[in-house]
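Student: The chain contents come next:
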Amino acid sequence: MSRKRSLALLGAVAVVGCALGGETPPADAPQEKPDAAVDSRPAGQRLYARHCLSCHQADGWGVPNMQPPIVGGTWVKGDPKALALFVMTGGFDSAQRKEGATSHNVMPPFRQLSDEDLAGILTYIRAKFGGGASAVAPAEVAEARATLPPT
Amino acid sequence: MRATRFAKVVSLILALPAATMAADNDGLTLPPGFSATVVQEGQGGGRHLAVAASGDIYLAGRDGLVAMRDKNGDGKVDESMKLGDVQGTEVRLFKNWLYVSDNVGVYRYPLKKGELAPTGPRQVVVAGFPMERQHADKTFALDPKGTLYVNVGAPSNSCQEKDRQEGSQGLNPCPILEKYGGVWVFDGNKTDQKATDGRRFATGMRNAVAIEWNPAQNALYSVIHGRDSIDTLFPTLYNAEDNATRQAEEFHQITDGGNYGWPYTFFDTKLNKRVVAPEYGGDSKKLSEAGKYPDPLVAFPAHWAPNDLEFYQGKNFPAKYQDGAFIAFHGSWNRAPEPQAGYKVVFQPMKDGKPSGTYEVFADGFAGEMADNNPRNAKYRPVGLAVGPDGSLYVADSQKGRVWRIRYGK
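Sequences listed follow chains L and B, in order.
Under our numbering, residues 1043 to 1193 are what the first sequence spells out, in order.
Under our numbering, residues 177 to 586 are what the second sequence spells out, in order.
No lab work stands behind these hints: they were computed from the structure.
Worth double-checking, as some hints may not be accurate.
Claimed, not checked - Covered by chain L, per the in silico footprint, the following chain B stretches (three or more residues, Cβ under 8 Å):
1. 305-316
2. 404-415
Stated by the list, open to error - With a Cα cut of at most 25 Å, we get these calculated SDA-like pairs of lysine to any residue:
3. K258/B to T213/B
4. K321/B to A303/B
5. K338/B to A1177/L
6. K1075/L to K462/B
7. K576/B to G1114/L
We put the CB at the ideal spot given by N, CA and C, even for glycine.
Please take these sequences and the hints and turn them into a complete structure.
Tutor: Encoded structure:
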């Protein structure tokens, strides 16, 4: 083994050692496969990237015919609780709003996300795509969630 | 007199941009010796197109069908008209008929000699495909006997119990495959068939928009749209880079009784192997049972969106292009946040019906800068291909309905 390679290996061991030295999650909890770079974005933006961006795109405009835009819609800047319900029930694909669903792809319901995560996403999209509409508090998401039928 | 002078001025103005375009190929990059000219500026979003022996062009689109004619032979369309009421993707010429389709049926118009727009009534060839939102375009191919091969795309990404919902498992067996996710055959010479009269020819195909009869092989081929969203649906197995790069767009010869593996598997371009889909117990490494589904002839990059396929038998292009495959890649949306890709026409050399060497980019530069990495900002997106009577390759765009003619030599 060359000196260069053994140094590189030592370095790799050190990095792994550091990583394990931090908070260790329980062994049975599946970990998300990380993206290459360390993510320093604010939580709302990071969660948008994780759950929403691939369909609605980074600019919030969606993709013509495929997924509708968030930008320019009335939901994003409207009542925070109505928006929380909209996202938790699958947007235009929820049973109550089927007539509004015109794009090719369906939106899944995001009820599995916590109040805090949803509040983060909604705050981010309202600021960025909703003309600076007000932030959403986790308590508002919880209030909206309480009106949903049990799963 | 005044009228004549006016006409001259107008024709000069019209001729000027045409000449400029010829010089720079309208911003497209092509192999040496090829040139592109704009034959049609665009009348709404285009889809597939067909070129008749007379040179007349028929362009399908979501706003309806457009018939176009170059009356003075200057390479530009100077008569065009909307015709009929069919809004869809496919258009083909077969014998003395113009075949078209929308999301629920296949139709044809009789085309008399010399006629640009058909005057005869529209006939129903097949009707009654269920109305769906996803993968609903009923593209089709016809063989020389008139057998009609219809792509019936799956109204689903991966046959999850709940479509596109994180962690939702795949239905097994996938019930969608009974009516969708394959090719159904009909008699293209018969009218008033029902969708349920068709015979399932091949299955396990998510959406085979690019479907074509290969006359050199007397066989059906397709480039199939691969699945989306392995990262957002299964974040413990895949990250955004995996999603942007691993699920091939699969080029296959489609045989009677063939099964191409959707939704249970996909061809992973990183492992260069067919793997079990995460909805069906896949763990990002688990290989599909050997020999159960064919490997693709070519595994094209993920999400490029193959929207048309054309085998070249024209007289204009150099010998290496004979019987090879041109593929129009509409371009990705599901690579975000990674840079979008595709948006080009690719050439795959073929010999005896099999790929002969690696594919090469034939025409590129359609999308332009594409602000914000969003497909809506692409300048053009190639979506349809056809070969004209002189061997020119025609390319249609979905953003504005622009049509280019690509020629070799003078």
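Student: Look at each hint and say if it fits the structure.
Tutor: The hints, checked one at a time:
1. 305-316: Coverage by chain L holds for the segment 305-316 of chain B (4 residues, Cβ < 8 Å).
2. 404-415: n = 9 at 8 Å, threshold three: holds.
3. K258/B to T213/B: Given that 25 Å is the threshold and the Cα spacing comes to 22 Å, the pair holds.
4. K321/B to A303/B: holds (21 Å)
5. K338/B to A1177/L: violated (31 Å)
6. K1075/L to K462/B: holds (17 Å)
7. K576/B to G1114/L: holds (23 Å)
Consistency note: the structure conflicts with earlier hint 5 alone.
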